[in-house]
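Engineer: Chain by chain, the residues run as shown.
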Amino acid sequence: MSQVHALILSGLGINCEEEMAAAYRLGGAEAEIRHLGEIFRGTCSLHEFDVVNFPGGFSFGDDLGAGKALANRLKYKKLPSGKRFINELERFLGEGKFIFGVCNGFQVLVKMGLVPNLRGAMEQEVTLTHNDSGRFEDRWCSCAVNAATRTPFLRGIDRIDLPVRHGEGKLVIRDEEIRRGIIEESLNCLSYCDAQGAPTAEYPLNPNGSALNCAGLTDRSGQILGMMPHPEAFLSRYNHPNWARLVSEHPGNGDGDGLGLFKAMVGSLLAKKEGIFQDRPGSALHLRNPPCND
Amino acid sequence: MNETAHHILLLLKDGIFDVEGHRAAEEAGRYLGLHTGKVKKGKLFSIVHEIKEREIHEFAHFALKDVVLHDVYINTLYQNSTFQSFILVSKLPGVTDDEGVSAQKTLCDLLDMRDDAGRQFIFSHDLYYLEHALPEESLRLLAEELLGNPLVNHFQFGLLEDFSWYVPTVSLASEAHTAIVEIDLPDEELVALSKRMLLSLNLAEMKAIRAYYENPAVRAQRAQAGLSPLPTDCELEVLGQTWSEHCKHKEFNATITYTDLDTGEVKTIDSLFNTFIAGATGRVKQKLEAAGEDWLLKVFSDNAGVVRIDEKSVFIWKVETHNSPSALDPYGGALTGIVGVNRDPLGTGVGGGRLLFNTNVLCFGDPFFSGRLVKGQLHPRRILAGVVQGIQDGGNKSGIPTVNGSVVFDHRFMGKPLVFCGTGAVMPASYQGRNSWEKRIDPGDRIVMAGGRVGRDGIHGATFSSLEIDEHSPRSAVQIGSPITQKNLSDFMQHACVQGLVKSSTDNGAGGLSSSVGELAGIPGGAVVHLDKVPLKYPGLKPWEIFVSESQERMTLVVEPMALGPLFELAAQFEVELSDIGWFTSLGVLDVQYEGARVAYLGLDFLHDGVPKKELVAEWKRPSLAEPVLPHIDNYNQILTRLLGSLNICSREPIIRRYDHEVKGRSVVKPLMGPSGKGPQDAAVLRLSFDSYEGIAVSNGILPRYGDIDAYAMSAGAFDEAMRQIIAVGGRLPDPGKGSPDFWSVNDNFCVPDSVYEKKTNPDGKLKLAKLVRMCQALYDMSTFFNIPMTSGKDSMKNDFQGEGVKISVPPTILYSMVAKIPDVRRVTTAELKHAGDLIYLVGTTYDELGGSEFYRLFEETGANVPVVRKENARRIYDKLNEAQNAGLVASCHDLSDGGLAVGLAEAAMGGDLGCDVTLPDNGLGFNALLFSESHSRFIVSVRAADDAAFQAILGEDCSRLGDVSSARRMVVRHTDQVMVDIELTELMDAWSSGLGGVV
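Line by line, the protein sequences are chains A and B. The numbers in the first sequence follow my numbering, run straight up by one, and end at 361. The numbers in the second sequence follow my numbering, run straight up by one, and end at 1614.
Calculated directly from the structure, the hints in this document are not laboratory data.
Taking lysine-lysine and the BS3-like style, the derived pairs with C-alpha atoms no more than 27 Å apart in a straight line are:
{"no.": "1", "chain 1": "A", "residue 1": "K142", "chain 2": "B", "residue 2": "K657"}
{"no.": "2", "chain 1": "A", "residue 1": "K150", "chain 2": "B", "residue 2": "K719"}
{"no.": "3", "chain 1": "A", "residue 1": "K142", "chain 2": "B", "residue 2": "K719"}
{"no.": "4", "chain 1": "A", "residue 1": "K145", "chain 2": "B", "residue 2": "K719"}
{"no.": "5", "chain 1": "A", "residue 1": "K142", "chain 2": "B", "residue 2": "K679"}
{"no.": "6", "chain 1": "B", "residue 1": "K1228", "chain 2": "B", "residue 2": "K809"}
Put together the whole structure using the sequences plus the hints.
Structural biologist: Following this line, the structure appears as structure tokens:
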């Protein structure tokens, strides 16, 4: 039986690797936390994995702008092979594999030019910068999924409550053409929304003043997903700030909605993987019963 | 200026909202009354390195610039007729500049070059463009009061046409000289010597040192080692650090003669620490061990106490203060406080604990203070803003959730704020089959320094914190931590310890290497250190400066020689610098060398045990206080909103939101919860792993204002406050022998004013010391009664400020920080009301105890009836409540503290977005006492109607039904057939939410 192998990058200020790894494991995948130093010493190759994850954190302390210094390292520093990490990522994507970035990981993806990458040149087309409040904020937000998104990661989810924890999460789009492209191609896969599920610019429902009220972006292929909110911080129902009332009103299992996202994601990856590698296109989804965190 | 310096300026493009510039303009107007006009903030990088023009261009455009945000200017300034003046904020030479260092790393990545310069060559600055041509004095004020701090920043300001570049350059008189110090001096000159060298040692201590050097055996040993019979400067510095109040707790170990002037009773206390703190824990340990409970593993003897979670893991935690540095540079002080205390659990036993959470308690003066400040005193608002920013960066950037905290305001914290920082961690119970919490060191083991390089940072930090602050306080005592450096260090430590490459470790805090190596050397019985092997930030440090420097983000590791290779290899991967600086011996001597010459050679026995015991005098007299006669109150709605909006009660949301309280994904009870995420909670609760629902609860208890009436009641009350917050969420008290294997672990932190009697300078010293004794007595009584042990703690003894002849002393304060294991986090109770129709109960008994209350404070009264802890009642109530919680009968539970029932009920209602209608009993207590008394060991509890009978059956007389939860969003309080309070929740919420008025 095939298994989804998730690479969770760590080090240099990344700090959400443990919960990201737990998310994949509880979601039914195998997860390995590997230090970026291992990548740059050539002792770990991302090609052994099905999905590469950039967890949240404060890479390089957010110096030079959140995610910027790590993006620079991944774009410019040479691996022992003489190639650069970003070239390896291109090859990885060429094989139909997936990349996921959360918070600081999303900021890194944006600053490397991997999302939205409308023009396909891996140049930075948008940025994530200081919240309109000028502050780092930790608060829970409700997010709506764009029904037309191509990412398999959000399949089956319309709405999800998640925590945001960032000081630089405001999406700014370089120009009008890119803005139109993002909308036309439905790359803005996740939006901050109000109680009715409608995208909103109202603070603090929209915590940062993002363009398009955008909380997450994909590339055109849907293979890359970046988002500011933290699904890996909602693996258990008991993470939700209103769990005490929710649990008493709707008893259920202990899964948080964030874990639901990872389970769906692992399911999609597994289906895809079995389709590609075992040449069984359209085969039914054989989801192992993933270990529940109860 | 250096000829090879290049300057790259990044400015936001037009159309991008300049958040920081905008805020600078707004705050300049609000706080300083300065009208800057528009402000534009730029980031400037100066590169002092041989580098080609083309490379500078590439660096600016491909690495520094954000193509969406920035315009770039290289070696030229942005000029625009809109802006007339500027302020350039740089770091002073040698001050931590993480952004410069990160830029340097990025340059190396871009050019694919190795950074072998061994020094910082890129420096970052903030450049502010101001629309108005402000006079120099205004610009200086803006720079020093708002944009930076003269203790850490260099400023240039003026009209734009006068702009010039600046690069911080460290230049020290490069003299690695070790001096010999004459110590064969008469007494008064000994004291002067201590003062001159900033040793902070008193006459008795200086005499003990003099006697040591006169000892013929010592002389012979020194002669053999090739040293002069007189001390070196390095030796005196080491003694000054090791014997400092900060490191040796001399007052807590002093012999105290205590007289109760009311009763005439006199007693002698031989060490407060041994008698009360270690004494209490010792008794609890005995009881636990007698009952076969073995969770209390290590107390007081390491950087942090250790308790057992289960067979596989142990819990470590430490809380300490960083008051003096925070008074001088609030941001750097608090940041260093957080990252500093992180290293305590990281360096306990073998080391490498995984840091699980931070907590903090902050005490400030009134942020709205509008009087005149004396020289050297920072405005409380500024201290508050800086400290909060420091705690934010210290926790968030390290990926450690700040799970809860507390803020206390009192005008006596105007001189020195109190900044308590705590960190908890989980460590495997064993590494390679050996107990992880034990420190093992054998002769021949190597001494390896890990982490940041050494500069002149924080020299005399340990002795400085043992002094009162005045306007001449040394600037080298101030430093700024580097969370990213420490994050790499902490990641490395965890891996190195799991791989068995580290045998023991400790952190480098106060006293730097001299303390860390000196303490570790006590285990095998000696050490040899080569200071020339210590990597420096810049040349020119004297050997003693290298040894006592408190440069941050450093650990000292004990490494077996054969592990050196793999350890250095691993460190390279984590980008952590290691240096092998010596080895341990069993020769009984701390042997410190520099370039082949001995600079210190001190007997370990003398170093650790040679400090003479202090003798102090305490005299207690109960203050003559009375209950006040208050004016008639005819509008309790108004009293309630005033109380909710008051500084010590109002919502901390503006602060809480700035701390990441849920990184690591384990938070269960967060500081704010409920349907709108606004409801304040009691203890924080978090899971220990993703594989089980076992967790811990974390709380803090602090009540400085009660000490104005009775320090004993204050200390006991603070203990109860911390304990009942854990009870509120569902914690279970230890009960040796009765099957309650869940650990409790307490850090006690004393912060008191100078309590040593001096006729002229400290005439009420005896009373202050008596208060300290009473605080300790209460600690002992509470700890032994409830079987809750102290596992670690700290005392900060000189929390006084002097300036322009004004002395401001903090009120004697004790903080109890508690952690208890929670067997199943799914069963915990949160504070907010849950459902309309639920029944509201008061659990516990209200007494006429308004003394020291927040209610009295509205009337500027203290009163006399301070709340006292009735231990037997408390125990009974806590056990019953726990039984009800375990039976699933408690829908919500909130502990009552500041503001009493009125505030507790309002908070539970606001948190749940539900109303309440309650009737207070007509039981002889006045309405004010019923509603506002802060009697201990009480909770406001809501219960589903279906559970009512079962709940009452358990609680019996310890609960009283007050009323119901209602869907009408109002709070109604009735008494003797009258409606006393009837107010909309939104009105309460508005008052409660706006108390901090935008100061953070």
